[in-house]
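Trainee: Just so you know, the protein sequences line up as chains D and B, in that order. Those letters in the first sequence? Residues 5 to 259, per the numbering used here, in order. Those letters in the second sequence? Residues 65 to 333, per the numbering used here, in order.
These are computed hints drawn from the structure, not numbers from a lab. Wrong hints could be hidden among the right ones.
[Claimed, not checked] When the alpha-carbon atoms are kept at most 20 Å apart in a straight line, the in silico EDC-like pairs for lysine to aspartate or glutamate are as follows: (1) Lys-132/D <-> Glu-325/B; (2) Lys-132/D <-> Asp-230/B; (3) Lys-122/D <-> Glu-183/D; (4) Lys-139/B <-> Asp-230/B; (5) Lys-132/D <-> Asp-165/D; (6) Lys-254/D <-> Glu-56/D.
[To be verified] To give an idea of the chain B side of the interface with chain D (calculated C-beta under 10 Å), a few residues: (7) Gln-238; (8) Ser-239; (9) Ser-241; (10) Ser-243; (11) Ser-246; (12) Val-248; (13) Pro-254; (14) Leu-329; (15) Arg-332.
Note that CB positions come from ideal geometry on N, CA and C, so glycine has one too.
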Amino acid sequence: MDLRLESVGHHYGDMEVLSDINLDIPTGKIVCIVGPSGCGKSTLLRLVGGLELPTTGRILQIGTPPADSINPLTYVFQDFALLPWRSAEGNISLVLEDHKLPSSRVTEIIADVLARTKLTEFAKAYPKQLSGGMKQRVAIARALAVNPAILLMDEPLSALDSQTRELLMDDLVSLWTREPFTSVYVTHNLNEAVRLGHSIVVLSRRPGRIREIVDVAIPLGDRELGDPELERQQKHLWNLMRDEALAADKELLHV
Amino acid sequence: MSEIDTTSASKTVEFRGGGFAPQSRKWVGVAVFIVLIGFVELGTRVGFITNLTLPIPSDVFATFVDLWQSGLLWKHLVPSIMRLIVGATIGVSLGIGVGILIGLFSLIRAGLIPLVAAIFPIPKIALLPLFVIWFGIDETSKYALIAFGTFTPTVVATYGAVDNVDRSLIRMGQSFSLSWLSIVRKIVLPGAMPGILSGLRISLAIAIILLVAAEMLGAEYGIGAYILEAGSLYDLERLFVGVAILSILGVLVSLVIGMIEKQLLSWRV
C-alpha cells in the first residue's frame, strides 16, 4: 500500500501551519521528514494517520493493505504512550483485544514481537520498571503486533539519550533489513534522518512547505556511524535548514 | 588534580538538599493521640479542666466498655454501618457514573456542571423535612440523605479525574482503532482511578458526618441516635463514646481506601 498526499494544507484557526504538501510514500521505503521546530512536521504526521483532518487537500491510500494487517496506519509516539497499569505484554495485547483473535494467536503474536524487539524476558515488566529505550522498544513491539502497512513514527528517539538512540537506530535498521516496512519518520535530528531515510523531505519553517527532497542511495544496512557520504548529506541538510531554523527560533509563539 | 592549591583554606560543601519529601513515620500519629488524651486525662483529674467542659477520658473508656458488655454497642453499630454502606454505595456509584458521563460528553457536561455546583453547597441537613416527605420516616430517607450527600463530591472528583487522564494515551487508543468502549474501559477508567479513589476519601468522610444527621430522622438505634440522645441529656461520657466510634469508623474507612489504592494503583511511579 502506498500513500499519496495531494496539496495538503492545514490551519489552526488563523495560523497556517502547512501549505501545499505533495508527497508520495512508496511501499517498503522509509521517508524522513525534517524541519525546524514548529514547522508542522508532527501535524503532518497526524494528518497522514487520520488523527486530524487536513483543512485543504487530501491524503490517499493507493492499493489495499495486506489482509493480515490489523491496523494499517500505526503510530510510534515520542512519549511512548504506554499504559502504566499494564505490563509490556499487556500493553501489546491491548491493541489486539478488539479484534476477536483466538487467544492462542494473540499469545503467538505477542511472543513474536517481543522476540523481534529483544524484549522476551521483560514481558511481565511494567513501564515504570523500564528505561526509556526499553519503553520505546515496547511501543515498537506494540506497533509491530498489529502488522502495520505503514509505520508513522513521531520523533520516536527524541526522548532518549544519544547512546540509547544509536542502539535503537541499529535495531530499526535490522528490523527493516529483515522485513522491509513502509514508514514516515518525523524527526528534528538530521543524523537519524540520514541513517534511516531512503528519502528525506525538508520542510521550511511555518507554514511548512516542502523545500527539497533528498534521496540517500546507500542501502540502510551499509550506513555506518561516521560514513563520509552520510556526513556530506547531513551537512547539506543542515545548510538547507540553518537559516530557517534561525528564523524559526526567533518567531513568537501564538498559542 | 594537581592544579589545585591545597594550601588555601578549605571547607566541606554545605548540604542544602533536604526536606520536601514526606517519609513514612508510622508511630507519630499514634503518639499524638496518646499525648493529647493523656493531657486531657491529667487536666480533668488535676482539675485545670472542669468536668463541665470535657469528660475524663478513662470514664469515657469505662462507658464504652459498659456499652460493649451490655450488647448495646452492636445494636447501635450494626444499623449505622448498614445505613452507611447502603447510602454511600448508592451515592458513590451514581456519582462515579454521572462524573464519567460529564467527563466524556460535552452536552452532559454543559448541562450538569452548573447543577452539581448548585447542589454541592446545600447543607443536606436542611433538606431533612423534605426527605421525610419524599421517602418516609423509615430507612429509605436515611439512605437517601447519605446518598445525596456523597453524590456531589464524588461527581466533582470523578469528572476532574477523567479530565486529567493523559490525552496522549487516548490518542494512542484512537490511533490503534480501539473501539470507543475499549478506550473508556481500558484507558479512561483506569487512568481516572487515582482521582476517583482520592475523591472517595472525602465522600465517605462526608457519609459518616451525615450519618448523625440521618439518624435525627427518628431512629431508635444507631451511633447518631446514641450521640443525639447523650447530647440532649448532656451526658458527656456517652457523647464522647459516640464521637470516638465515629472517629474510629473514619480511620477504618481511610485505611480500607489506602489498601484499595495500594492494590489498584501499584503501577503508579
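Trainee: Each hint: holds or not?
Mentor: Hints and how they fare:
1. As the CA atoms of Lys-132/D and Glu-325/B are separated by approximately 17 Å, the hinted pair is consistent with the 20 Å bound.
2. Taking the CA atoms of Lys-132/D and Asp-230/B, the gap is about 16 Å. The hint holds against a cut of 20 Å.
3. For the hint linking Lys-122/D to Glu-183/D, the alpha-carbon distance of about 16 Å falls within 20 Å, and the restraint holds.
4. As the CA atoms of Lys-139/B and Asp-230/B are separated by approximately 48 Å, the hinted pair breaks the 20 Å bound.
5. Only pairs whose Cα atoms come within 20 Å are accepted, and Lys-132/D paired with Asp-165/D is accepted, the gap being roughly 17 Å.
6. Of the supplied pair hints, the one linking Lys-254/D and Glu-56/D is violated, its CA atoms being roughly 28 Å apart against a limit of 20 Å.
7. Satisfaction of the interface hint for Gln-238/B is found here, the shortest Cβ-Cβ separation to chain D being roughly 7 Å, below the 10 Å cut-off.
8. Given hint, Ser-239/B at the interface with chain D, holds; its Cβ is 4 Å from that chain's nearest Cβ, closer than 10 Å.
9. Annotation: interface hint on Ser-241/B holds; nearest CB of chain D at approximately 5 Å, less than 10 Å.
10. For Ser-243/B, the interface hint holds, the least distance from its beta-carbon to any beta-carbon of chain D being 5 Å, beneath 10 Å.
11. Restraint check, Ser-246/B versus chain D: the minimum CB separation of about 5 Å is within 10 Å; hint holds.
12. At its closest, the beta carbon of Val-248/B sits 13 Å from a beta carbon of chain D; the interface hint therefore is violated under the 10 Å criterion.
13. Nearest Cβ of chain D to the Cβ of Pro-254/B: about 5 Å, under the 10 Å cut. The hint holds.
14. Annotation: interface hint on Leu-329/B holds; nearest CB of chain D at approximately 8 Å, less than 10 Å.
15. The interface hint given for Arg-332/B is met, as the beta carbon of that residue sits about 7 Å from the closest beta carbon of chain D, less than 10 Å.
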